[in-house]
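Heads up: the sequence lines are chains W and Y, in that order.
Heads up: the first sequence begins at 1 in my numbering, then just goes up one per residue.
Heads up: the second sequence begins at 303 in my numbering, then just goes up one per residue.
Fair warning: there could be bad hints in the mix.
Said to hold, decoys possible - For each label pair, taking beta carbons as the anchor points, the in silico distance ranges come out as:
no. : chain 1 : residue 1 : chain 2 : residue 2 : range
1   : W       : A168      : Y       : N574      : 41 to 49 Å
2   : W       : R107      : Y       : N574      : 50 to 58 Å
3   : Y       : I416      : W       : M128      : 47 to 55 Å
4   : Y       : F316      : W       : A168      : 55 to 63 Å
5   : Y       : L318      : W       : P84       : 53 to 61 Å
Just so you know, these hints were derived from the structure itself, not from any lab.
Owing to the predicted nature of the structure, the values given are computational and were not obtained by experimental measurement.
Even for Gly, the Cβ is constructed at its ideal location relative to N, Cα and C.
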Amino acid sequence: MFEKGEEGRLAPGPALGPEPEPEPGPEPGPSSGSGSVLGNGINPRTRAVKLRTRAVNLYYGDYHALRDITMDIHGCTITAIIGPSGCGKSSLLRLFNRMNDLIPGVRVEGQILLDDQPITGKPTDVTMLRRRVGMVFQRPNVFPMSIYDNVVIGPRRHGVKQRLALDAIAERSLRQVALWEELKDSLKKQAMGLSPGQQQRLCIARALAVKPEIILMDESCSALDPESTMKIEGLMLELTKEYTIIIVTHNMEQARRVSDMSAFMMIDEDKVGTLVEYAPTLELFANPRHQQTEDYITGRYG
Amino acid sequence: MMRKFREKLPGRIFFLLALSSISVLALITVFIVVQGAPIIARVGVIDFVFGMSWAPSQGEYGIFPMIVGSLSVTLGAVVLGVPIGICCSIFLAEFAPVRLRNLFRPAIQLLAGIPSVVYGLWGLIFIVPFIRNYMGGPGLSILAGSVVLAIMILPTVISISEVSILALPPAYKEGALALGMTHWQAIRSVQLPAAKSGIVAAVILGIGRAIGETMAVIMLLGNAVALPSSILDPIRTLTTNIGIEMGYATGEHREALFATGIVLFVVIMILNSTAQTIVKRKKDQ
């Protein structure tokens, strides 16, 4: 998808170079090639833990999709979940906002804690959880309505009625995804008419409009062209100041460019959905501790 | 050469068959117009369409009460049937457990298969006496016709709305739920608006079915040619006028019935084209 050739290490120049969007200054740090600790050089592990999973197992009927996943996700960082197709990346991501609930016969064991409050099990207010944990999907799924209505639909349903308040939310959210200047004069137009890249940024704005704490991105760039992908990666880095972002990606370069922590999952000897290695991205890509991780990130797998 | 011909042959045959069905439509139109136009010309369009008196024996041909009749019975059927139909389709598409859905769907299809004369009979035995006993009037009334027509348009409205809801990409629902909406909020504020054009189409087809129905309404409306003052009054529709009188009509009277057919044709065309523009405008937005 990207200029992959050179091991990704040489990325800082080419990665940011062609980007026409004037991104604010601090990005070159975190986005510069070799994964990284945080942009300001802080080890992500020093950030407060936002989300914990404790020995989580997920079953779809008889199918054991996730096995004993235990990990701490740190606040205001970007965590990338990587691994081959079918290893359970998306299943893991969808545990965090309970989207797996939509699948009949799903069963979860173990505990997931958001700010130390359990979010598994019956008593959880799932709609409230999803307001705190937003999601951006693989394909842009804007609703067939105006751009404005798309952005404010969440707050509207959650009780914001005043026109002025909604206008303010729309502007703030669209500014956060750098769409405001492009679209402020065409807010009444159908969102379906936007380019896929704009649509995806609109979907991010729509998620931001409900003021989530965590944003889940399920391969959210895989259906986009490189330029749009660049813009969205720039956005992620910008948003990580306020939000905790968890991405699923097939794109090693992307994981390396944007994420602070990386989790590598594997289809391990018929044991689907095991977390092989979870470490700061810099570490994981430079010195993978497991042979499988090394094989995968160097492209020797599959 | 031969092969090329063989390749093209099926296309030609299908074209001819398609042409024949279109030409039947053209033939019917021409036939009705040729038969009915002269009387409209003689009586005058205004007097024919807005005339209040229908007395073929005295040469009076005004069909306004029947236009009112067709429109009022259809409106009644839509008011009663469409909300039930749409709710039913939402239930089937979104809420019904698989087992219940597998029970409901064939049952609704069966509803479409009942002959209209049987609906008429059922209405005559149950609805008409009920209205006469509990609401007053002769029982044979706009209300009786509307109730039965409402049931008759249900299968159309339900199945087409349901299909249009089920045809929505699952991404809409997922997207809505991921924003923290409840299931019902997702249906109401994302899925239904997205399925709107399909649901409008369902309503239009329902209207078409209701306005064209003849047999059941002949049995239920009382067929009096007069402007109604309430929904408990009997009335005659354009279709029943033709259905009742064609058997014995001759000469000018017969022509007037064809002219009624022209008016029915035009009313349906107006309804269809308005509806189509609504659907189209929604899509273009």
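Any hints this thing doesn't respect? Which numbers, in order?
none
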